[in-house]
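2 protein chains.
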Amino acid sequence: MHTSSIPNWNVPEPALRRLPWYLSYIKLLKKKGQTHVSSTQIAKKINVSSTQIAKDLSYVKISGKTRVGYEISLLIDVLETFLGFTSQHKAVILGVGSLGGALLGDSGLEQFGLKIFAGFDVSDGVIGCKINDIPVYHIDDFAKYNNKIDADIAILTVPPDNAQEVADFAIKNGVRAIWNFTPFRIRVPEHIVLQNTSLYAHLAVMFNRLSVNASNSKK
Amino acid sequence: MHTSSIPNWNVPEPALRRLPWYLSYIKLLKKKGQTHVSSTQIAKKINVSSTQIAKDLSYVKISGKTRVGYEISLLIDVLETFLGFTSQHKAVILGVGSLGGALLGDSGLEQFGLKIFAGFDVSDGVIGCKINDIPVYHIDDFAKYNNKIDADIAILTVPPDNAQEVADFAIKNGVRAIWNFTPFRIRVPEHIVLQNTSLYAHLAVMFNRLSVNASNSKK
Numbered sequence: 001m002h003t004s005s006i007p008n009w010n011v012p013e014p015a016l017r018r019l020p021w022y023l024s025y026i027k028l029l030k031k032k033g034q035t036h037v038s039s040t041q042i043a044k045k046i047n048v049s050s051t052q053i054a055k056d057l058s059y060v061k062i063s064g065k066t067r068v069g070y071e072i073s074l075l076i077d078v079l080e081t082f083l084g085f086t087s088q089h090k091a092v093i094l095g096v097g098s099l100g101g102a103l104l105g106d107s108g109l110e111q112f113g114l115k116i117f118a119g120f121d122v123s124d125g126v127i128g129c130k131i132n133d134i135p136v137y138h139i140d141d142f143a144k145y146n147n148k149i150d151a152d153i154a155i156l157t158v159p160p161d162n163a164q165e166v167a168d169f170a171i172k173n174g175v176r177a178i179w180n181f182t183p184f185r186i187r188v189p190e191h192i193v194l195q196n197t198s199l200y201a202h203l204a205v206m207f208n209r210l211s212v213n214a215s216n217s218k219k
Numbered sequence: 001m002h003t004s005s006i007p008n009w010n011v012p013e014p015a016l017r018r019l020p021w022y023l024s025y026i027k028l029l030k031k032k033g034q035t036h037v038s039s040t041q042i043a044k045k046i047n048v049s050s051t052q053i054a055k056d057l058s059y060v061k062i063s064g065k066t067r068v069g070y071e072i073s074l075l076i077d078v079l080e081t082f083l084g085f086t087s088q089h090k091a092v093i094l095g096v097g098s099l100g101g102a103l104l105g106d107s108g109l110e111q112f113g114l115k116i117f118a119g120f121d122v123s124d125g126v127i128g129c130k131i132n133d134i135p136v137y138h139i140d141d142f143a144k145y146n147n148k149i150d151a152d153i154a155i156l157t158v159p160p161d162n163a164q165e166v167a168d169f170a171i172k173n174g175v176r177a178i179w180n181f182t183p184f185r186i187r188v189p190e191h192i193v194l195q196n197t198s199l200y201a202h203l204a205v206m207f208n209r210l211s212v213n214a215s216n217s218k219k
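Chains C and Y supply the protein sequences, listed in that same order. So the first sequence is numbered by the numbering used here: it starts at 1 and just counts up by one. So the second sequence is numbered by the numbering used here: it starts at 1 and just counts up by one.
Fair warning: there could be bad hints in the mix.
[To be verified] Here are some chain Y residues pointing at chain C (derived, C-beta under 8 Å):
hint: 1; residue: Val11
hint: 2; residue: Lys30
hint: 3; residue: Ser49
hint: 4; residue: Gly101
hint: 5; residue: Arg187
hint: 6; residue: Phe207
[To be verified] Taking lysine-lysine pairs in the BS3-like style, the calculated list, with each CA pair at most 30 Å apart, reads:
hint: 7; chain 1: Y; residue 1: Lys218; chain 2: C; residue 2: Lys115
hint: 8; chain 1: Y; residue 1: Lys32; chain 2: C; residue 2: Lys172
hint: 9; chain 1: Y; residue 1: Lys45; chain 2: C; residue 2: Lys31
hint: 10; chain 1: C; residue 1: Lys30; chain 2: Y; residue 2: Lys172
hint: 11; chain 1: Y; residue 1: Lys115; chain 2: C; residue 2: Lys172
hint: 12; chain 1: Y; residue 1: Lys55; chain 2: C; residue 2: Lys218
hint: 13; chain 1: C; residue 1: Lys144; chain 2: Y; residue 2: Lys218
hint: 14; chain 1: Y; residue 1: Lys218; chain 2: C; residue 2: Lys44
hint: 15; chain 1: C; residue 1: Lys130; chain 2: Y; residue 2: Lys115
hint: 16; chain 1: Y; residue 1: Lys27; chain 2: C; residue 2: Lys172
hint: 17; chain 1: Y; residue 1: Lys55; chain 2: C; residue 2: Lys172
hint: 18; chain 1: C; residue 1: Lys61; chain 2: Y; residue 2: Lys218
hint: 19; chain 1: Y; residue 1: Lys44; chain 2: Y; residue 2: Lys30
Keep in mind that the hints were calculated from the coordinates and are not lab data. Every residue gets a Cβ at the ideal spot worked out from N, C-alpha and C, and that includes glycine.
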């Protein structure tokens, strides 16, 4: 197995989304004491073809040896670095309501490279509080705050009515990526990264599929 | 505008994921006092073509009138019902660690039709506690509990090492859908609904795009 020092950054999104699956699985294999893995073994477990897996892994400039496969420890290191999980990415949460507060309380994100420095809101009920040791400030103080901290990522958990306005405000004050958890479809300039994670859209798909299954089973 | 009593359940997933965007936007328009909306107006805001929007809305058996467009109040009702946000879907959370605990604390999901009845874990630190007034039990009590409650949906927030095992266990005990928040790619029988929401995959995409933008701006 060999790695090159320059990874290919131009990775299609579906491949990027699959890489963490492989990482998760081979970490499990490592815990079990396994040292090498083939794309065929990953394929059997993950429900992705071994050709696809080999192609996805070639984006990170890593290739398996014939018959031996990939060296697990090295593959874990390379994947974690490539996926950005070993660097610290600075983030803030805009909107400390129910979901925003919940995300502030989730320490797990930090293990994947996301360090949340502060939350911002307009409600007296949360301003001045700390959640999971992270302070919550008034949104009016964001410009001054981000001038110092220089957070790259704004996690957007405001009510949908304010989603676009708050996203624009965050971008104006220096954030380079918006992680949008609101059900609102915000728009951002081309140089800004937008990642939508709509729990509600996922609920809609799940509810619909459950209904379909229920009506099929009645037939 | 007319509606038929039998909606088309066989909706492609991308359409299902877009419908909540339209809903969110027209709810905002309603708050502003607007009574009708055209697919062209939605298209301008949402960055989806008006043809696509009209097609997506036709799945819910609703069509706009020429020149007047869709009646907003009716469209909101029809969409909310169709998406399942107005019914109560019973759920449990398996794994009350950092993310599971955070989701228990998020009351917002209930407004979208997801009612979480209980959390389950193996750790003495959380068993017997209540989070957001929702009790946490030992996972060994799940079979007995779900016999009574009959939860449809298991929200999976266990460590990735146990994801498959706990999913199998939940399915064996009657759940019909798994909402998988772990980075592990679990497999389920064909009649079981699986929805993956990997925050870590979304992080990976966002980190990568940020790196690409940063290296482009240096050129």
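Here's how the hints hold up against the structure:
Taking 8 Å as the C-beta contact cut-off toward chain C, the hint placing valine 11 (chain Y) at the interface holds, the least distance being around 6 Å. Taken as an interface hint, lysine 30 (chain Y) does not check out: its beta carbon lies about 11 Å from the nearest beta carbon of chain C, beyond 8 Å. The beta carbon of serine 49 (chain Y) is not positioned within 8 Å of any beta carbon in chain C (closest approach about 13 Å), and the interface hint is therefore violated. The criterion of a C-beta within 8 Å of any C-beta in chain C is met by glycine 101 (chain Y), whose closest approach is roughly 7 Å, and the hint holds.
For the restraint placing arginine 187 (chain Y) at the interface with chain C, the shortest Cβ-Cβ distance is roughly 6 Å, inside the 8 Å limit, so the hint holds. Because the smallest distance between the Cβ of phenylalanine 207 (chain Y) and any Cβ of chain C comes to about 3 Å, under 8 Å, the interface hint for this residue holds. At roughly 24 Å between alpha-carbon atoms, lysine 218 (chain Y) and lysine 115 (chain C) fall within 30 Å of each other, so this suggested pair holds. For the hint linking lysine 32 (chain Y) to lysine 172 (chain C), the alpha-carbon distance of about 26 Å falls within 30 Å, and the restraint holds.
Taking the CA atoms of lysine 45 (chain Y) and lysine 31 (chain C), the gap is about 49 Å. The hint is violated against a cut of 30 Å. The straight-line distance between the Cα atoms of lysine 30 (chain C) and lysine 172 (chain Y) is roughly 28 Å, inside the 30 Å bound, and the hint therefore holds. For a cut-off of 30 Å, the pair hint linking lysine 115 (chain Y) to lysine 172 (chain C) is broken: about 38 Å separates their Cα positions. Between lysine 55 (chain Y) and lysine 218 (chain C) the alpha-carbon distance is near 29 Å, which keeps this suggested pair within the 30 Å criterion.
At most 30 Å may separate the alpha-carbon atoms for a hinted pair to count; lysine 144 (chain C) and lysine 218 (chain Y) meet this at roughly 26 Å. A hinted pair counts as satisfied when its Cα atoms are at most 30 Å apart, and lysine 218 (chain Y) with lysine 44 (chain C) does not qualify at roughly 42 Å. Distance hint between lysine 130 (chain C) and lysine 115 (chain Y) is fulfilled; the C-alpha atoms sit about 27 Å from each other, no more than 30 Å. The suggested pairing of lysine 27 (chain Y) with lysine 172 (chain C) holds, with an alpha-carbon distance near 27 Å, which does not exceed 30 Å.
A C-alpha spacing of about 36 Å is found between lysine 55 (chain Y) and lysine 172 (chain C), which places the hinted pair above 30 Å, so the restraint is violated. Proximity of lysine 61 (chain C) to lysine 218 (chain Y) is assessed by CA-CA distance (about 23 Å); at most 30 Å being required, the pair is judged to hold. For the hint pairing lysine 44 (chain Y) with lysine 30 (chain Y), the CA-to-CA distance comes to about 17 Å; that is within 30 Å, so the pair holds.
Going through the hint list in order, the structure does not satisfy hints 2, 3, 9, 11, 14, 17.
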